[in-house]
Amino acid sequence: MLRLEQEDFTCGRSRYLDFLKEAAEPTAKIFVKISLEHTESVFWAQIDTGSAWSVLDPLVAKRHGYLDLDGERIGLDTRLGRKSGILARLPVRFLADDGVPFDTEGTFFICPDWPPGRTFLGYSGLLASMRFALDPQANHFYFGP
Amino acid sequence: MFKLGALDFSCGRSLFRDTLKEAPESTAKVFVKIQLEGRSESNIYAQIDTGAAWSVLDPLVAKSLGLLDLDGQRTTLHTRFGRIEGILAKLLVTFLADDGIALEKHGTFFISPDWPSGRTFLGYSGLLASMRFALDPRTNHFYFGP
Amino acid sequence: MGQPLRKAEPETQSYSDRIRELVESDMVGGARLLLAEALEKGDHDEDLSGWESVLTETKGRPNPDVECDFDRTPEFRWITEHSEAYRGQWVALVGSELLAHSASLQDVFSSLERNKPKRRPMLHYID
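If you read the protein sequences in the order shown, they are chains W, V and Y.
In terms of the working numbering, the first sequence opens at residue 1 and continues consecutively.
In terms of the working numbering, the second sequence opens at residue 1 and continues consecutively.
In terms of the working numbering, the third sequence opens at residue 1 and continues consecutively.
Extracted from the complex, chain W is given alone in its bound form (with noise of 0.2 Å):
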């Protein structure tokens, strides 16, 4: 694990993908592993600090009832424009090849008109609340509290 000084400064490492698709995503972003509401499947979601919230893919909120959710209603300006919907807590899990999994929550966007197949992990209610640290040269993702 990464050692500051003599403390541990991430709790886990995973691998992340500089390519999802490569026909759509013609250059590199930063695609980590994550599971949402702890259930046991893994989905690739895209490190995103220039973004303030985090946005959920809304195929997968629709799967777990989150499109109905009674959240706090907002459109925001975004990378494809002006959008419409709602401010959701919930939880994230950062899986870890090796070390220890994160176990923590993120405010998401929720959106029915967003493109399926995207979810995106921001600064504000989310990255800003933890540690983390790349290293491309070994596509390393490091994560923790």
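The hints are simulated quantities; they were obtained by calculation from the structure and are not laboratory data.
Treat the hints with caution; some may be incorrect.
No farther apart than 16 Å at their CA atoms in a straight line, the calculated lysine to aspartate or glutamate pairs in the EDC-like style are these [as the list claims (entries may be wrong)]:
1) Y/K59 <-> W/E7
2) W/K83 <-> Y/D107
3) W/K83 <-> Y/D26
4) Y/K59 <-> W/D103
5) Y/K118 <-> W/E40
6) W/K62 <-> Y/E21
7) Y/K59 <-> V/D136
8) V/K3 <-> W/D18
9) W/K83 <-> Y/E21
10) V/K3 <-> W/E7
Chain V is faced by these chain Y residues, among others (derived, beta-carbon under 7 Å) [what the hints assert, rightly or not]:
11) D26
12) M27
13) G29
Idealized CB from N, CA, C, for every residue including glycine.
Position chains V and Y relative to chain W; hints supplied.
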């Protein structure tokens, strides 16, 4: 500094800022200290944006450094401000260290006079993808290494 | 002694609407401050628990009870090689083995419920 096993993970550390406006009302972001083209008058804060493909240079900074008229690769980017025309150019970026050693990297920047001024972004592809970095929001420390 | 030019207007908007405006204007810090003020004063009849939930700072914890994941390179390779045939569908994979696929994520989950995989499956939507 950071260690990964017996190896150094990072070479330098700096304090990052959550906001550039001294305004607690703003949404928290990650602004780090950089210098461009090795020129000390170009020390600026730039926002780390792992979701962006390219880095983008504030047009006012580009103008002051004489980079608006560079002979780069012309391209159009789809941004949250609409379609913007500009050039892609390779620039020398120095990540300034408060502790340890500064890191120099070449990064590909989108430069356009039409980009809103006051915003410089450091994107993943073409810059961050070729360096190690870590964020500690508890202490606002940004760690970086080759 | 100077006089104010006009009296301060009483706030007519609800806390909830003002918080929403701040969030939509990329002023999350301001939204948090206003929420804290509203909760401290308490002299309103608004339910702000929704905003409290989404604006509260997150605290996470390492969870040693959860099994480690493993290298997903075979899954990624499978997706790269087979994506054309499964466009618009969810696929569930363990290694290079396709466990289930459907346009409906619910159907994929149901299939995995019926035939529980030995290892944690990776779910991916091929668009």
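Cross-check of the supplied hints:
no.	hint	in the structure
1	Y/K59 <-> W/E7	19 Å, violated
2	W/K83 <-> Y/D107	28 Å, violated
3	W/K83 <-> Y/D26	14 Å, holds
4	Y/K59 <-> W/D103	9 Å, holds
5	Y/K118 <-> W/E40	11 Å, holds
6	W/K62 <-> Y/E21	27 Å, violated
7	Y/K59 <-> V/D136	14 Å, holds
8	V/K3 <-> W/D18	24 Å, violated
9	W/K83 <-> Y/E21	15 Å, holds
10	V/K3 <-> W/E7	10 Å, holds
11	D26	5 Å, holds
12	M27	5 Å, holds
13	G29	5 Å, holds
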